[in-house]
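Work out the full structure, taking the sequences as your base and the hints as a guide.
Number of protein chains: 2
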Amino acid sequence: MSKNLTTRSEDYSKWYNELVVKADLAENSGVRGCMVIKPYGYAIWEKMQAELDRMFKETGHQNAYFPLFVPKSMFEAEEKNAEGFAKECAIVTHYRLKNDPDKPGKLMVDPNAKLEEELIVRPTSEAIIWSTYKGWVQSYRDLPLLINQWANVVRWEMRTRLFLRTAEFLWQEGHTAHATKAEAVEESEKMMHVYAEFAENFMAIPVVKGVKTETERFAGAEETYCIEALMQDGKALQAGTSHFLGQNFAKAFDVKFANAEGKQEHVWGTSWGVSTRLMGALVMTHSDDQGLVLPPNLAPIQVVIVPIYKTDEQLTAITAEVDVLVKAFKKLNISVKYDNRTTQKPGFKFAEWELKGVPVRIAVGPKDLENGTFEVARRDTLTKEIVSKDEIVAYITDLLAQIQIDLFDKALNYRNTHITEVNSFDEFKHVLDTKGGFVSAHWDGTAATEEKIKDLTKATIRCIPLDRVEESGSCVFTGGESVGRVLFAKAY
Amino acid sequence: MSKNLTTRSEDYSKWYNELVVKADLAENSGVRGCMVIKPYGYAIWEKMQAELDRMFKETGHQNAYFPLFVPKSMFEAEEKNAEGFAKECAIVTHYRLKNDPDKPGKLMVDPNAKLEEELIVRPTSEAIIWSTYKGWVQSYRDLPLLINQWANVVRWEMRTRLFLRTAEFLWQEGHTAHATKAEAVEESEKMMHVYAEFAENFMAIPVVKGVKTETERFAGAEETYCIEALMQDGKALQAGTSHFLGQNFAKAFDVKFANAEGKQEHVWGTSWGVSTRLMGALVMTHSDDQGLVLPPNLAPIQVVIVPIYKTDEQLTAITAEVDVLVKAFKKLNISVKYDNRTTQKPGFKFAEWELKGVPVRIAVGPKDLENGTFEVARRDTLTKEIVSKDEIVAYITDLLAQIQIDLFDKALNYRNTHITEVNSFDEFKHVLDTKGGFVSAHWDGTAATEEKIKDLTKATIRCIPLDRVEESGSCVFTGGESVGRVLFAKAY
Chain A
1 MSKNLTTRSE DYSKWYNELV VKADLAENSG VRGCMVIKPY GYAIWEKMQA ELDRMFKETG
61 HQNAYFPLFV PKSMFEAEEK NAEGFAKECA IVTHYRLKND PDKPGKLMVD PNAKLEEELI
121 VRPTSEAIIW STYKGWVQSY RDLPLLINQW ANVVRWEMRT RLFLRTAEFL WQEGHTAHAT
181 KAEAVEESEK MMHVYAEFAE NFMAIPVVKG VKTETERFAG AEETYCIEAL MQDGKALQAG
241 TSHFLGQNFA KAFDVKFANA EGKQEHVWGT SWGVSTRLMG ALVMTHSDDQ GLVLPPNLAP
301 IQVVIVPIYK TDEQLTAITA EVDVLVKAFK KLNISVKYDN RTTQKPGFKF AEWELKGVPV
361 RIAVGPKDLE NGTFEVARRD TLTKEIVSKD EIVAYITDLL AQIQIDLFDK ALNYRNTHIT
421 EVNSFDEFKH VLDTKGGFVS AHWDGTAATE EKIKDLTKAT IRCIPLDRVE ESGSCVFTGG
481 ESVGRVLFAK AY
Chain B
1 MSKNLTTRSE DYSKWYNELV VKADLAENSG VRGCMVIKPY GYAIWEKMQA ELDRMFKETG
61 HQNAYFPLFV PKSMFEAEEK NAEGFAKECA IVTHYRLKND PDKPGKLMVD PNAKLEEELI
121 VRPTSEAIIW STYKGWVQSY RDLPLLINQW ANVVRWEMRT RLFLRTAEFL WQEGHTAHAT
181 KAEAVEESEK MMHVYAEFAE NFMAIPVVKG VKTETERFAG AEETYCIEAL MQDGKALQAG
241 TSHFLGQNFA KAFDVKFANA EGKQEHVWGT SWGVSTRLMG ALVMTHSDDQ GLVLPPNLAP
301 IQVVIVPIYK TDEQLTAITA EVDVLVKAFK KLNISVKYDN RTTQKPGFKF AEWELKGVPV
361 RIAVGPKDLE NGTFEVARRD TLTKEIVSKD EIVAYITDLL AQIQIDLFDK ALNYRNTHIT
421 EVNSFDEFKH VLDTKGGFVS AHWDGTAATE EKIKDLTKAT IRCIPLDRVE ESGSCVFTGG
481 ESVGRVLFAK AY
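Chains as they are written, first to last, in my numbering: chain A, 1 to 492; chain B, 1 to 492.
Because the hints were derived from the structure by calculation, they are not lab data. Positions of the beta carbon are idealized from the N, C-alpha and C atoms, including for glycine. Mixed in with the good hints, there may be bad ones.
Stated by the list, open to error - Simulated pairs of lysine-lysine, DSS-like, Cα-Cα distance not exceeding 30 Å:
#: 1; chain 1: A; residue 1: Lys80; chain 2: A; residue 2: Lys327
#: 2; chain 1: B; residue 1: Lys22; chain 2: A; residue 2: Lys98
#: 3; chain 1: B; residue 1: Lys454; chain 2: A; residue 2: Lys263
Claimed, not checked - Here chain A is said to cover these stretches of chain B; the calculated rule only asks that three of the stretch's residues, wherever they fall, bring their Cβ under 8 Å from a Cβ of chain A:
#: 4; segment: 63-69
#: 5; segment: 76-82
#: 6; segment: 126-133
#: 7; segment: 140-152
#: 8; segment: 201-209
#: 9; segment: 467-475
Quick look at the structure:
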């Protein structure tokens, strides 16, 4: 197998695109801007889904399913949200095709099958869900509603990239309704923490927790909490958001409840989501010029075993040994693949599993059988060890846990050395141009300054970190007053 | 809680609609023909998904995800399939809304954002998937492709009913590609058997396995295998289909492979699916005038425990006893809910859990504490037993298994007594009008007869059963030659 992977230093963007396709994660489809998620990529997404779903249920949420379509009048009910998504939504206008009289064998849209009201393919489901919640909430006893949905959504992006920006993507969207503002704020913060925990402990991706500026806020939200990750090329990636919606959607859709005193009040809302974009974050956080590097938690195959042999007898002897090992791993819920294909040479197999990011490779040949050993290779460090048969199971168990930790530490170290405090705009630009990463700077709090900096540098305010130090300072651009630093970066 | 459920004998159809809504399974949405699947209903669907997904993986399939949209030119490539779905598909023609200049605050479709080619919202994914497979298959070594997708699809139905017929529904669709016809036929038969096993062992719904007549076949298939269930009102319901596609899609999308001799051949295909329609089958197979009846395998809550008390002291004592029980059940993976709401009376709770079909209810009051007993009620038979504390865990474990079996046996008995052999058309009509169910009759094998019978009786040929006896006979309608009986029924 020839990998022919562009290196990161040659062209990071090309490296990413090639890797996603060559490692069998996803590919572009025949439908503009829409991707096909291939089985290997989907298996990783399923692991993310399972863990997130577990975490959502543990925090009291239930799954449900709401319609794909939003009638135009419903879509436009919450004005800011409608305005935010109007420019990028797919619209269904007809419901039937008919034979094209001018082109035999071809179909055409039947003009007699025009919808009375156009349907928007959901870009997000606040409108349809809040219009439903109206029927579900009468009294404070009906609250809170803690509901999540796994779904596809469509945003008509003009420039698309696999996983990072696609016209259709998969995500989960939580939509909750509460009796008090405090409870809704608590919920939106809680889900930001859930996302952070998931990103760090499960995906081994360190994140900064923060809130968005008004400019970067979700359309229709009062506050947007986010987790921001840093990719290897120094660009940031928004990995998840959680919105405190205030009473905006409740007011737009007339969702009221009778409180304990019988008084009618509008409900308070939140929404929160992560998407297949996380697959992009995964690739760009850990992978290298040899291909994908997967944290063991997310690897569909955690251990691959490759036999090295010349004769059938040797293969038989190796297989007997491997069978024992495979059973032991399966008992420990370690997912293992014995790659005993006879159509490919070991070198080809090594390269293929390297490309696909399998965390641990075990090779075993006649000499190993003699010595009672296995050769163990780590994908992340590309190092090898000889491990004795007696210790192999415990060794691999520990190694998988260690790799998970090491990947996080490596990414954390990179991230931490790429948060640079600057105190002048020259410094700001210099850091952005040379080192990249997060630039920590004072800002005067105005949208105008934010926009000018963006125009001049392409950097946006990724977030106001939750743990920032309150310190007075001068805006790096205008010199105006600031109460603390914010994180700027170029971003995906 | 007042149930006010219409009874089955009063109006079966109304009973169904009311039950689906009142038991919190689903409701109609503000979007024409689209349903909202509520958390309780979705939890049941999740259980179906988990079991089916396990069975698919066990039989060697992997999940993937393909685009929601199908460009018109791709959609029409396989002519029969396109013709079959053209009359009921939602079509995206534009990709942007803009402010309506005539109506402040309203949006309108932006005429400048018209798509060059219309996109069909997938009614099924053969077209998009086979256009993708073209890039995945070069050699026999790339085969078979054994892929499944969990997705939403849209078919623009004019008359919709919750779960049974909705414009959008959720389903899984398997799409496989093979080197030989024999292998593809084997696959489509295998998946029919998987569906039958799932329906019978997991959902407790007995099914007849068979093949469809040409008239009833999937558009684009060479053979459609199906499982047919019988509802309590004597109407049949197609619960799952598996199609042998021949080389139709391979030819339409030019999917070829080099065989072992290096010769180019078209690939052989199958597709197979079950949908949220199964939720309708579940309701109509087991439920009764008191509400839902759920087989323990599918019940989100298998056991509910209701305390009967007058004083806080009594509740405290009961709760202490119940806590022990809950722990024991959880250890055995029995899902249990302790309904200790103080806002509702036991009678209300009993009615609510009856309506929601919880298989087993345990009630416990001060007298039970004294006697060391629990009162156990079965939802399916509405019978009660007093069970001693020492035996309760084993009793409930056995009882859940027994209920699963009993529900299947009851449904099987109903089904078996509702397959009626008839030998004249008068008898045919009489049975249909009075008893309903499957009518087993000789048929001359022509589409013309099939259609005439349908016009006269509304009954269609549900399937040619796989296990039918080969016997020569005379068509019940024309007297023409027949080689064996087929099953007719009115159907959902």
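Consistency of the hints with the structure:
| no. | hint | result |
| --- | --- | --- |
| 1 | A/Lys80 - A/Lys327 | violated, 57 Å |
| 2 | B/Lys22 - A/Lys98 | violated, 40 Å |
| 3 | B/Lys454 - A/Lys263 | violated, 58 Å |
| 4 | 63-69 | holds (count 7) |
| 5 | 76-82 | holds (count 3) |
| 6 | 126-133 | holds (count 3) |
| 7 | 140-152 | holds (count 4) |
| 8 | 201-209 | violated (count 0) |
| 9 | 467-475 | violated (count 0) |
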